[in-house]
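**Student:** What follows is the residue order along each chain.
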Amino acid sequence: MTSDEFETFYEAMAEAIDAIAPEYTEVFLAKLCLALGQEIGEGEKALALIADCRKDLARE
Amino acid sequence: MRPAGRLELDSLYFTYPHFDGPTDRAHLSDDAPVAIVGAGPVGLTAALTLASEGVRSVVLEKKATFNDGSRAICIARQSYYILDRIGALKPFLEKSLGWTTGRTFYRGKQILEFKMPDSEAERFRPMYNLQQQYIEQFLWEAADASPLIEIRWQSAVTDVADENDGVRLSVSDPAADYAFKADWVLAADGAHSPVRKMRGLRLQGENYEGRYVIADVRMEHDYPTIRRALFDPVCRPGGTVLVHRQPDNIWRIDYQLRDAESAEEATREEEVRRNVEAVLADIGHTGGYDLEWWSVYSANTLALDDYRDGRIFFIGDSAHIVPIFGVRGLNNGLADVQNIGWKLGWVLNGRAGEGLLDSYTPERRGATLDVFANASKSTRFMTPPSHGWQVMRDAALSLALTKPYAGALANPRQMVPYTYADSPVTLADDPAFSSGPAPGSVAADPPLDQGHLSERLSGFTVLSFGDGPDKGELDWMEGVTVLRIGLETDGARAYDAEEGTLYLIRPDMHVAARWRQGEPDGVENALRHILQNAGGAR
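In order, the protein sequence lines correspond to chains A and B.
All the letters of the first sequence, read from the start, carry residue numbers 1 to 60 under our numbering.
All the letters of the second sequence, read from the start, carry residue numbers 1 to 538 under our numbering.
There's no promise every hint is true.
Claimed, not checked - Label pairs and their calculated CB-CB ranges:
1. B/ALA278 with A/THR2: 44 to 54 Å
2. B/TYR223 with A/GLY37: 12 to 22 Å
3. A/ALA21 with B/PRO431: 54 to 64 Å
4. B/THR489 with A/GLY37: 42 to 52 Å
5. A/THR2 with B/GLN204: 54 to 64 Å
6. B/THR402 with A/THR2: 22 to 32 Å
7. A/GLY37 with B/ALA121: 16 to 26 Å
8. B/SER295 with A/MET13: 23 to 33 Å
9. B/THR402 with A/SER3: 53 to 63 Å
10. B/ASN164 with A/ALA51: 55 to 65 Å
11. B/GLU498 with A/ALA51: 41 to 51 Å
12. B/GLU498 with A/MET13: 57 to 67 Å
Claimed, not checked - Pairs of lysine-lysine residues, derived as DSSO-like cross-links and limited to a Cα-Cα distance of at most 30 Å, are as follows:
13. B/LYS63 with B/LYS181
14. B/LYS90 with B/LYS115
15. B/LYS115 with B/LYS95
16. B/LYS181 with B/LYS197
17. B/LYS377 with A/LYS45
18. B/LYS403 with B/LYS377
19. B/LYS62 with B/LYS197
20. A/LYS45 with B/LYS403
21. B/LYS377 with A/LYS55
Hints were generated in silico from the structure; no laboratory data involved.
Even for Gly, the Cβ is constructed at its ideal location relative to N, Cα and C.
Input sequences plus hints: build the corresponding full structure.
**Tutor:** Written as structure tokens, this is what we have:
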């Protein structure tokens, strides 16, 4: 993925979150993660991303 | 529970027999080799398993008839082998409905069709549906015909006291109270096991939040014997529904209760009818229906730490309670029976040391923990226990509408036989094998020239492939059968066998040991280890 494509993906996600009803946000994001996890095709890499993304959520 | 105006045993299609307490009373206090507490499917199968080993038993049942209502309805393939072994198979095959396929729907659209492993070469289908009262009736008919089994109805066990080399059971029946001594006791007295309470033992584990109403209805409904699971259906938004076909036009409907619904309210007849009718409308049933029976259920994973307490063994629900999803309650109980049954039989026949009985808990409790692991996965999908599980479950269902791989997460992981890998009587594998059933696992059942391999197993069976050792060299011991199987056959392929390969198969169809290049001495040493050393050492 080029940096332009990555930015487009970022923007599309923002627009999708705004477009869907708020009560579905969480399920939408989880569904997307499942689909992306399958696309990665490597179990360990997918699990490592879960661990990575859990970091730095709260303010230090 | 049953509709207003009908008593507990007033079924639409099944006539419950009434059994009197013992009338011939002269012998009631006589010693017995084995006492079995409970005449449910597990207790009766235990009596029949012991009888097949030539061992006499007394079965004590506090009720005057079979269990009311349908309860367990799914019998797994491996349980049919058990029924075959005890000579009770025929009526089961005639009456039950075999099935292979399950379909899962999300908001009315099919997201998964799973097929359990099956083929023309298999002797039995992966699963059969049959109401529990038929299961009990067929087992009772077989037990009643056995001269080695005495069933005492309306006989409650009120005390169990350890004695030298036995247990003294106090029994109360309508005519009198009495006591008798049994060498061994099998407690098959169910989830609320009085024997377990008398021994001061408790089940340990978890209760899940999800509650279901299970209801049986009679209706003319045109759908094959396929398990249907409905997630988030119109009839029960956010909830889950299961639909199973049973013989006699009876259909089992399980529907999940919402957190706010009280069990008391949900089991009122009008409420059950309203909810059942909504499910029927959802599955496209437009004709009428009769309500047969209903109950409420919640998922638990509970087990005893040790299935043995002195000379008492706990079998079936008295030892463990498992969630219904994956149909492991009755089937797991029957596997307990098969395991302790042959071991106790061989000990009482003098062919094995008492230490063999110590392998019962590690083998069967191991199986229960494995069931918990699988059933917990199914239960978390059926009734998500927390926000995280709920979000991911809903995401998976939504994704499954377009991506079949996500539908696979909804697979209920039906029961498969457990491998007794960590057992004191399972021998180390021979690394020369590249496939075939390893020690501890259930023996393969390939078709032979006539019938299947399983039809020729008896006692411990040695499979000898090609021109390997024959009966004369191996048949040195009572209760050991030798079966020669040719090379280039389905049998040889199923066992990854070559000239000289030997397998030792236990009476419960689990592989005890195997040798790619075997010698009679090796088999003899293995048997000695199982029956006398690992088995015998206490």
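**Student:** Find the hints from earlier in the document that the structure breaks and name them by number, from lowest to highest.
**Tutor:** Those not satisfied are hints 2, 7, 8, 9.
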